[in-house]
Amino acid sequence: MESNRSFLVQLQILTKRMVFRVIRRPLAELPNLIISAFFLFVYDGALGGVFGGAASGTPFDFAKGNFVNFILPVSIVSASLSGAASGIYLVEDIESGVFKRYQSMPISRWAIILAPMNVGAFRVLVQSSLILGIGKFIGADPAVGNIGFLIVLSLAFIWGMGFAGYSVAAGVKSGSSQGAQAATFLFFPAIFLAPTFVPREALKGWLETAAAYNPTTYVIESMRSVMVDGWELEVLFRGYLSAGIFAAITLTFAVISARKATEKA
Amino acid sequence: MLAVDVKNIKKTFISKKDTVEAVKDVSFQVKQGEIFGLLGPNGAGKSTTILMLTTLLSITEGNASILGIDVATKDKEVREKIGVALQDTGIDNLLTGRELFFTTCRLWGYSKKDSEVRTNELLNLVGLIEAADRRVKTYSGGMKRRLDLGLSLVHSPEVLFLDEPTTGLDPGSRRVLWDEIKRLRDNGVTVILTTQYLEEADELADRIAIINEGLVVAEGTSDELKASIGGDVITFAFDSDDDLENAKNILSNTVQEKNELRLTVEDGASKIPGYLKDLTGQGVEVSSVSANKPTLDDVFLEVTGYRLEGSEESPTPDEESDR
Numbered sequence: 001m002e003s004n005r006s007f008l009v010q011l012q013i014l015t016k017r018m019v020f021r022v023i024r025r026p027l028a029e030l031p032n033l034i035i036s037a038f039f040l041f042v043y044d045g046a047l048g049g050v051f052g053g054a055a056s057g058t059p060f061d062f063a064k065g066n067f068v069n070f071i072l073p074v075s076i077v078s079a080s081l082s083g084a085a086s087g088i089y090l091v092e093d094i095e096s097g098v099f100k101r102y103q104s105m106p107i108s109r110w111a112i113i114l115a116p117m118n119v120g121a122f123r124v125l126v127q128s129s130l131i132l133g134i135g136k137f138i139g140a141d142p143a144v145g146n147i148g149f150l151i152v153l154s155l156a157f158i159w160g161m162g163f164a165g166y167s168v169a170a171g172v173k174s175g176s177s178q179g180a181q182a183a184t185f186l187f188f189p190a191i192f193l194a195p196t197f198v199p200r201e202a203l204k205g206w207l208e209t210a211a212a213y214n215p216t217t218y219v220i221e222s223m224r225s226v227m228v229d230g231w232e233l234e235v236l237f238r239g240y241l242s243a244g245i246f247a248a249i250t251l252t253f254a255v256i257s258a259r260k261a262t263e264k265a
Numbered sequence: 001m002l003a004v005d006v007k008n009i010k011k012t013f014i015s016k017k018d019t020v021e022a023v024k025d026v027s028f029q030v031k032q033g034e035i036f037g038l039l040g041p042n043g044a045g046k047s048t049t050i051l052m053l054t055t056l057l058s059i060t061e062g063n064a065s066i067l068g069i070d071v072a073t074k075d076k077e078v079r080e081k082i083g084v085a086l087q088d089t090g091i092d093n094l095l096t097g098r099e100l101f102f103t104t105c106r107l108w109g110y111s112k113k114d115s116e117v118r119t120n121e122l123l124n125l126v127g128l129i130e131a132a133d134r135r136v137k138t139y140s141g142g143m144k145r146r147l148d149l150g151l152s153l154v155h156s157p158e159v160l161f162l163d164e165p166t167t168g169l170d171p172g173s174r175r176v177l178w179d180e181i182k183r184l185r186d187n188g189v190t191v192i193l194t195t196q197y198l199e200e201a202d203e204l205a206d207r208i209a210i211i212n213e214g215l216v217v218a219e220g221t222s223d224e225l226k227a228s229i230g231g232d233v234i235t236f237a238f239d240s241d242d243d244l245e246n247a248k249n250i251l252s253n254t255v256q257e258k259n260e261l262r263l264t265v266e267d268g269a270s271k272i273p274g275y276l277k278d279l280t281g282q283g284v285e286v287s288s289v290s291a292n293k294p295t296l297d298d299v300f301l302e303v304t305g306y307r308l309e310g311s312e313e314s315p316t317p318d319e320e321s322d323r
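Line by line, the protein sequences give chains A and B.
So the first sequence is numbered by my numbering: it starts at 1 and just counts up by one.
So the second sequence is numbered by my numbering: it starts at 1 and just counts up by one.
Just chain A, with the same shape it has in the complex:
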């Protein structure tokens, strides 16, 4: 009997196994989803009255009458951080020795590493889609039409994969699931040092500077452009570029870290 030589089949089998793990721990999936939905409801409830329709005709009309459109990208960026679970899944396998079991078999090392990232990507798509669904239910209506939802979802996916790469690198480096979990605290500066509640022009001083260097800013602005303003290709391009560069950097780190982890000592 020879091992299954097809990399894709190995990846599929290992991904399926990881999906079983996720399904069997449903409570572990809820916090990030709840936080993201919470952001949407609370921010819309607290600020929608001021910056929604009531701001029409005033200098604060940056939501153009629909604050859900404006704030939805913040919840989506939050939901996309669910990709960070990839690192936790991988490190759990390392800690439990499952990783070593697979290493002792003649199967691709990359299939072992990519499987949790696949599941992370799936998690991003599911959670982001659910938040988009909630957003639509409470009144989100993209300025570019329903294709805007797809654009937001694609940006969330790339951004989420960036966080997946980051968490895998941090997890493998720290060698513990707590390390991978702790690394997700990057979430706070990423989301709050950005034009979360008001446009970037309304930010002041150090926060304005921090936001300019924060790639999350461009992802949120890009999402907002299709939700609030309509087609603004330059803004859209900056969003994809920021998310793409972030994902490329973190995934490269993930690959380097994972390669070191799988090398024979």
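Here are the in silico distance ranges between beta carbons for each label pair: (1) A:Lys16 to B:Thr138: 19 to 25 angstroms; (2) A:Trp206 to B:Ile14: 43 to 49 angstroms; (3) B:Arg135 to A:Val126: 21 to 27 angstroms; (4) A:Ser129 to B:Gly188: 52 to 58 angstroms; (5) B:Gln32 to A:Val126: 50 to 56 angstroms.
It should be emphasised that the hints constitute simulated quantities derived from the structure, not laboratory data.
Even glycine gets a Cβ: it sits at the ideal position worked out from N, Cα and C.
Starting from the known structure of chain A, fit chain B onto it as the hints suggest.
For chain B alone, kept in the frame of chain A given last:
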């Protein structure tokens, strides 16, 4: 062809702080269809040796081959031939036994249909068919070990590596696992196992290598090792340290352990009166004396100078299994 051929392998771990020679010089050969035991205390280098042979660690120096395939240069080919159940290879507790077997079968290249058949075969083989659809986290330690063994057998390996397969098991579970390992050997599988239990090595292994501080210090069948000591082991026990020290000066070639002196001689029982006469004649009070055939424990003491820690306390299968 030899199943395993290990020649002077070494493993050195180098870090910024220090250099550790985990395996200094280990050589042994294992014939096909044999159970070969690596016996030694924690930290002796047994697991490191196994990790090198199973391609999970690089070999610093020396050569090793499995079924004639070089471990260092043809690791993928080696992995095709071997089954591995290590101390720290994990089992996914969230999956059921059936799912774990099925997933492993699929990874080894079985079709879905064949995987189902093989899964049932293996579940029966390791006695887990009734627990097959329960999540592994509900399994007992013994059930997990049998599952682990079963997972290492999915592809019918020719050579099986088991690293301390019964550590932590109750005597009943240990006996079940021993029987399964013997049955595998009887079916032609070569088994290399590490253990720190003397009775496990004695009961299971066709041949034994005693590893201590990264070196093979003795090798042979259990009987050969015991015979290598020569004769019987006479054990003198003393109540006072003074008596013990005086006795050491009177008797030659003794090995001390706590308040006892051990002496290996031919026809021990007949020589006890003479030794007692010598000791009591010089005022040494002996609290007890006995003569026994050597055990692996005696062999270990002889070649390393100390007892295998915990070996006396390790439960034997003959004890009650509900412990």
